[in-house]
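Each chain, written out:
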Amino acid sequence: MTEPVIRTAGLTKRFGRVTAVDGVDLDVREGDVYGFLGANGSGKTTTVRMLLGLVLATRGEAEVLGRPMPRHRQEVLPQVGALVEGPGAYESMSGRANLRLFDAMGSAGPAGGRRTRERRIGEVLERVGLGGIDRRPVKAYSLGMRQRLGLASALLRSPRLLVLDEPTNGLDPQGIHEIRELLLELNRGGVTVFLSSHLLAEIEQMCTRVGVLDRGRLVLQDDLAALQGPTGRTEVVTDDPGRAASLLGDAVEGRDGDRLLVRADDTGTLNRRLVEAGCRVTLLAPERRTLEQVVLAASAGAGDRRERAS
Amino acid sequence: MIRVELRKLLCSRRTWVTIALIDALPVLVAVLLAVTGVGPRPGTGPAFLSAVLTDGTLYPLAALAMVVPLFLPVAVAVTAGEAVAGEGQAGTLRYVLIRPVGRTRLLVAKLVAVVVFALLAVVVVAATAYVVGVLLLGQQDVTTGTATFSGTSLTTPELVLRTLMSLAYAMLCMLGVAAIALFCSTLVDTPLAAALGAIAVLIASTLLLTLDAASALHPWLITRYWLAFTDLFRDPIFWRDILRGIGLQLLYVAVFLGAAWANFTTKDVTR
Amino acid sequence: MGGVRSAGRRWLAVTLGLAVFVAVAVVVRSWPAADDDVDAATLADRVQDSVDRPWSGYVVSQGTLALPDADRFSSVGDLLGEQTRLRAWWRGPDAWRVDELRPAGEVGLRHEGALTTEWSYETGIAEGTAERYRDPDVRLPRTVDLLPPELARHVLAGVRDDEVSRIGARRLAGRDALGLRLVPSLPQASVRRVDVWADAETSVPLSVEVYGDGDDPVLSTAFAEFDDTEPAASTVAFDPPRGVVVEDEDVLDIVDAVSRFAEAVPPRRLAGLPRTRDSAGAVGVYGRGVTRVMALPLDERGAGPLREQLALTPGASVTPERTVAVLGPLGVLVTDDGDGDGWLVTGLVTPETLVRAGRSLTPSWAFTTTAAPMTTTGGTP
Chain A
1 MTEPVIRTAG LTKRFGRVTA VDGVDLDVRE GDVYGFLGAN GSGKTTTVRM
51 LLGLVLATRG EAEVLGRPMP RHRQEVLPQV GALVEGPGAY ESMSGRANLR
101 LFDAMGSAGP AGGRRTRERR IGEVLERVGL GGIDRRPVKA YSLGMRQRLG
151 LASALLRSPR LLVLDEPTNG LDPQGIHEIR ELLLELNRGG VTVFLSSHLL
201 AEIEQMCTRV GVLDRGRLVL QDDLAALQGP TGRTEVVTDD PGRAASLLGD
251 AVEGRDGDRL LVRADDTGTL NRRLVEAGCR VTLLAPERRT LEQVVLAASA
301 GAGDRRERAS
Chain B
1001 MIRVELRKLL CSRRTWVTIA LIDALPVLVA VLLAVTGVGP RPGTGPAFLS
1051 AVLTDGTLYP LAALAMVVPL FLPVAVAVTA GEAVAGEGQA GTLRYVLIRP
1101 VGRTRLLVAK LVAVVVFALL AVVVVAATAY VVGVLLLGQQ DVTTGTATFS
1151 GTSLTTPELV LRTLMSLAYA MLCMLGVAAI ALFCSTLVDT PLAAALGAIA
1201 VLIASTLLLT LDAASALHPW LITRYWLAFT DLFRDPIFWR DILRGIGLQL
1251 LYVAVFLGAA WANFTTKDVT R
Chain C
2001 MGGVRSAGRR WLAVTLGLAV FVAVAVVVRS WPAADDDVDA ATLADRVQDS
2051 VDRPWSGYVV SQGTLALPDA DRFSSVGDLL GEQTRLRAWW RGPDAWRVDE
2101 LRPAGEVGLR HEGALTTEWS YETGIAEGTA ERYRDPDVRL PRTVDLLPPE
2151 LARHVLAGVR DDEVSRIGAR RLAGRDALGL RLVPSLPQAS VRRVDVWADA
2201 ETSVPLSVEV YGDGDDPVLS TAFAEFDDTE PAASTVAFDP PRGVVVEDED
2251 VLDIVDAVSR FAEAVPPRRL AGLPRTRDSA GAVGVYGRGV TRVMALPLDE
2301 RGAGPLREQL ALTPGASVTP ERTVAVLGPL GVLVTDDGDG DGWLVTGLVT
2351 PETLVRAGRS LTPSWAFTTT AAPMTTTGGT P
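Chains A, B and C, in that order, are what the protein sequence lines are.
For what it's worth, this note's numbering labels the leading residue of the first sequence as 1, then goes sequentially.
For what it's worth, this note's numbering labels the leading residue of the second sequence as 1001, then goes sequentially.
For what it's worth, this note's numbering labels the leading residue of the third sequence as 2001, then goes sequentially.
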């Protein structure tokens, strides 16, 4: 049984009259790569800040690593690495000096001797692909380098939970790939990853569980595999879609070029019918929903967005 | 956390540039005095300045009297105003807080760092003033010995002790400004606004002190006892204003650090 | 976690802390003073007798009289027109020390026997000197006169029992102080009343307030710190710092100079007030207690600039014979005998008294004892 790493109940945040987050019940389990999906301004960042004790909830409760937040932040946060809304660093110092400072901060203080600390910093820099940085101050860094540095800082304490808000912002495709591989590798090592993003593809490629936030409300939360479950229809591609369609009659619920979407109880029977009728079947597979479709269906009333998405 | 803040303070080039700028005024004045040999008329100008032409070892005190009313508090206000608002603006505040660094602990560390900054500035000013004073200005052994305001002789160890006490007092006087600027820093988003808020309090205080109608307020104004370190050079030492000055600064620290704590520990960090 | 609620609690804690502090401060400040039913005349006598009681303390005086800034009288203008901070140590009338505290130094008086040494830090350091004077018979007011005990004894000198009454006690410098009110009965008086508060234990006056016509005192002086133990002799004595020479000076101030070197002789009575034993040489002092006038002859060099400054004072009245300015209860008049010489008449008397005095003095400038005949009005003793 996996224990919950993040659990919130009725988490709500109001800024004046605006309700930024409204009754969110998150459930992130150990070992998850949790995709927290939502458009810009949907309340993702505010939720993340509440989980980290930066923003105090108006109502509701949050538990991280089994402890209520923000009351137990002193015990919880040392086991959490985070990247919130872009990296932050002391501009006039080098990246390495920044890590030294952050490493020394916190109630626990710097763990280990000077050499241990230097080695740890070297390791995280290596991990995020900044092994070769020099003494240049951070203000000379590109956005991508800053992002990597922020990630390095999040990894300093070998966290059990990584909370990452838009971690691939500003990275080139190669960089995005590297970071994705890094996160997956960490996850294989037992780190739970909470990834907040507005990029569907990013979530779809990495995550095992997905939560969708729409205007402050959590409209969907499930395993990605379940969400992308079969629709009960079968996708058929034949050399003669016209004939196949007339053969199957009412069972065909949709047609897209060579592709037919067929409602069939048994794909084996369907295959035989087509083959016996002389159709060469090149593909026959159960239809699965894309994450995009799921999200769009869940995000009610977002008509304009649908047009742009398809 | 205090160690981290101190490291940041000492490694920052801005710290040293600011101190150098504060230091420039007394050095300039010393050069002008040495070149022209014209001191202020007795009874005018900052304390000790008319005496340094005959006794250069008093120059650290004259320098202190020059920088305490304006230069030093402005520098302290700017440094303390940076504390929370500056971290917020640089985007580092959220990362500091999730290290995690307790918010109260962060405030205290910031205050300590600002006080160390004031101490550093005071010590650097006094040290350079001593060197400049001895090199350029009067030598005490040619004319009169070092005397207190009351006309008693001061031995060198006594002079050193009282000078050190003056430095400590001047540094202590910056506590109130630091606390106000720190509070402003938790209140507003930009370090500039925080520093200006604290400087506005200083200006108001200085202004009210010149106004007889506000005399009921005078004992509570933050700048009221700032120059009381000169009372250390009376004989017997006149403790009244010094003790009140210390008490008042501690009161300001208690109130404004308390306010900063109440505000910051319950504030949503959205930057 | 109710963020808003806990913010409120924390603010409340800070505000409460401050409120408690303010409350304690207010209670301490308004702590009632213990009174005593001693009668006014007895208290006035005790005040006079307290001159031998030793004490030390810190005194703040505030004068509101904007005196004209005439060169040789400027020190008086500072005393009566500004705030003066004094530290004083009193072993007795023959051994005391008064330091006037200035932001960048000090001007101190050390009195030993019949000699007073004046130490001024800034000039002393620059010139390497301190000045010592014998006590003059008459002189301008000095810082020592602003000490509540000295001022109180001065205004209560020769006071009649029907002029004093008791007023409520006060707490001053952390001590109970008994109140005494003087209402001068002389018709020449310009001072409406003087309030004195004397320490309940030692009878040393702790505060004096002098009132003219207004509701606020024209001059007030009070101890902010008071200690009734005897100060050490070494604290009071002046031991010059290394390199400083004490120089004996012959003349203290212009009044001292005039009293000794001017040839005029002041009249026996002036504006109905008898000359007192405080008079010396050419300087006449008239009246008693707070109602006093001083008349001193000045030559053209002394009188000229003074006249010019007086004429600039708001409300000054100028005729060929005299220039008069009234500053609250203080009247200043300078006569002109035609060639620039004249008498300076000044004191806490009504303008009419002043003008009368001036008129009687003008023809007497060149003459001696038998001045113009005086007509006494009013029931002055």
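Quick caveat, the hints were computed from the structure, so don't treat them as lab data.
Everything numeric in this text was worked out from a predicted model, so none of it was measured.
Incorrect hints may have been included.
Result set (DSS-like, lysine-lysine): computed pairs, CA atoms no more than 30 Å apart in a straight line [claimed, not checked]:
hint, chain 1, residue 1, chain 2, residue 2
1, A, Lys139, B, Lys1267
2, B, Lys1008, B, Lys1267
3, A, Lys139, B, Lys1008
Part of the chain A face toward chain B, derived, beta carbon under 8 Å [to be verified]:
hint, residue
4, Tyr90
5, Pro137
6, Leu270
7, Arg273
Cβ-to-Cβ under 7 Å is the rule here; a few derived chain C residues that face chain B [claimed, not checked]:
hint, residue
8, Leu2018
9, Asp2036
10, Glu2122
11, Arg2242
The beta carbon of each residue, even a glycine, is placed where N, CA and C say it ideally should be.
Results of checking the hints against the structure:
1. A:Lys139 <-> B:Lys1267: holds, 28 Å
2. B:Lys1008 <-> B:Lys1267: Cα-Cα ~24 Å, so holds.
3. A:Lys139 <-> B:Lys1008: Given pair Lys139 of chain A, Lys1008 of chain B holds - Cα atoms ~16 Å apart, limit 30 Å.
4. Tyr90: Status holds, d = 6 Å.
5. Pro137: Interface hint status for Pro137 of chain A: violated (10 Å vs cutoff 8 Å).
6. Leu270: violated, 55 Å
7. Arg273: violated, 61 Å
8. Leu2018: holds, 6 Å
9. Asp2036: With a closest approach of 28 Å, the Asp2036 of chain C hint is violated.
10. Glu2122: holds, 3 Å
11. Arg2242: Holds, about 3 Å.
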